[in-house]
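Produce the complete structure using the sequences and hints provided.
Read top to bottom, the protein sequences are chains A and B. Residues in the first sequence are numbered consecutively from 1, following this note's numbering. Residues in the second sequence are numbered consecutively from 1001, following this note's numbering.
Treat the hints loosely; a few may be bogus.
Footprint (simulated), chain B over chain A, 3 or more residues, beta carbon under 8 Å [as the list claims (entries may be wrong)]:
1. 23-37
2. 167-180
3. 293-302
Note that these hints are calculated values from the structure, not bench results. Here the structure is a predicted model, which is why all the values come from computation and not from measurement. Quick reminder that beta carbons are idealized off the backbone N, C-alpha and C, glycines included.
So the chains spell out like this:
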Amino acid sequence: MWNWKITATSAALVILVGLAAISFGPINLSFAKILKSLLGIHGGLSGQDRTVLIDLRLPRALLAALVGAALASSGAVYQSVFRNPLADPYLLGAASGAGLGATIAITNTHGDIYRLLPVFSFVGGTLAVLTSFFISGKFFAEPQSLLLSGIAVGSFATAIQTYLQQRHSASLRPVYSWILGELTVANWQIVTWSSFYILMAIGILFLVSKQLDGLMLSDEEAFSLGINPNRLRVIAVAAATLATATAVSASGLIGFVGIVVPHLVRGITHRVTNRNLLTVALTGAAFLMLADLGARTLLSPAELPIGVITAFVGAPFFLIVLRRRRTVQS
Amino acid sequence: MRIKSSLVLALALVAVSAPLATAVQHQPTRIVSLSPSATEDLFAIGAGKSVVAVDSLSNFPSTAPITKLDAFTPNVEAIAKYKPDLVILQSSATKATSVKAALEKLKIKVFFEVTPADISGAYAEINALGAVTGNTAKAAKVVATMKSAIAKTIAAGKRSAPIAIFHEVDNTLYSATSKTFIGRVYADFNTTNVADAADTADSYGYPQLTNEYLLKANPAVIFLGDGEPVSSVASRAGWNSISAVSGNHIVELPADIPSRWGPRLVNFYQFVSSTLVAIK
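Below, the structure is given as structure tokens:
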């Protein structure tokens, strides 16, 4: 059964964390004025303060929310499709492929293709997943084989990426900071295009989310419930990959969200169901906005890579949830 | 709604700032420098009084208002907090172009500093900073003084016969060729750089050498740019056969100076000159 209370709580959390995210920063802005500016009421911020809110903080918080929602819901879907609790959005080579694409864009010194970094990483990530599909061949017979080819394709892409990076030592820092994930210079343009793909992908995942639970059964049982497991898997993986590739190209490789958040939600609701997908997406959005708030403020004025925060906070949190689940089960 | 209000806002800003804009363009009064070299330049050309904040590595001159601002991963909002009217931003900073765009959105002028390839680029930067801060004459004077001091230093230290040198960038034997900014300084003294022959298209002037290569190249002087102690370099396996080691010509470069392209370049030239003069 869908637990609307938990979904409502996570939605409230998104709003709360979102407000916190746009309220804190090196420049002190009055909270009342921020609210007035957002609601379009007279007496809000003006001048540079308004630009700080509208053009710096707001797009960054929105991008964090989008990326968090994308990674968390794709993670949850991958875990169902592969019947593997350790599956994460980067499993099929999306991360390594995107990393290779980004490194090519950063290390290429001929012409200004650095601006095209998001395109390169998007194409790289999608190509890697397609290659994994193509190589595994018998995805429909045994989904696990796709996992293995995903790992192989990922390692291969990482090898090329590392080679390129070593050959162009000047690019080490930008490549490294991209790999750790960054939302530092989010702007409305990035928010606009990434929201288009991410919301579309998440929408598709919502539509099939009820049926995804059927994938936890055997394929025969799924058929008897009127589900075509093969078609469902392809749709789910394609949509999750679209969301992941978009998230990665907008913000680099932010780890751990795709594993932690789905398990966190399942740990709280005590059920392994995709009907919680909305909750998972909202929790992912809140989690990443909170992590980004930490990234911006903990070492201010320097920035902490957001990937460091998600792993540092995510890993212990994840272990606690895991431990609790075990005691509940036993 | 948003578009309409921002349009009104933009018009209001134009109206308010129009009389100020011309003044700001000529004479910035609140400068944030995110480049140690530019900081040294600004203070040398007399713009120091307008500098309100410098990045965490801008440790010279000591009067520079050092802050925790990070030059490599600039935080736009933290920079804006100082209410600058001019920001010196290195083009090599992370996502520099996006940072520049964000600052310009906040109506802050940005001086985009591209790392110079040689000393003429360093002079050009000093003059450009002079122009942007309204200190053109002083900047030209600083450049002229540097030029004559450096010419004098080269004349005093230049080798009559070439001598082989090795510049150590780090202890994994990365080096700098005569094509690099620092390599050109050594080359000015009629030295041969052992890294030159190891340069490839992919190393961008900073090839990684090997122990064997170095033994074979046998430099007469070793300049340590990585803070390695002389004793540990001398005791590296097999290195006692290198002339620089047996002749005791290993020198630690002073901190910061070799990696900056400001007025203290003169000090670096003088250091190299005095090192080379001491070798018979």
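Going down the list of hints, with the structure as the test:
Remark: the segment 23-37 of chain A is confirmed as covered by chain B, as 3 of its residues place a Cβ nearer than 8 Å to a Cβ of that chain, reaching the required three. A stretch counts as covered by a chain when three or more of its residues have a beta carbon under 8 Å from one of that chain; for the segment 167-180 of chain A and chain B the count is 7, and the coverage holds. Check result for the segment 293-302 of chain A against chain B: holds, 4 residues qualifying (beta carbon to beta carbon below 8 Å, three or more required).
In the structure shown, no violation is registered for any of the earlier numbered hints.
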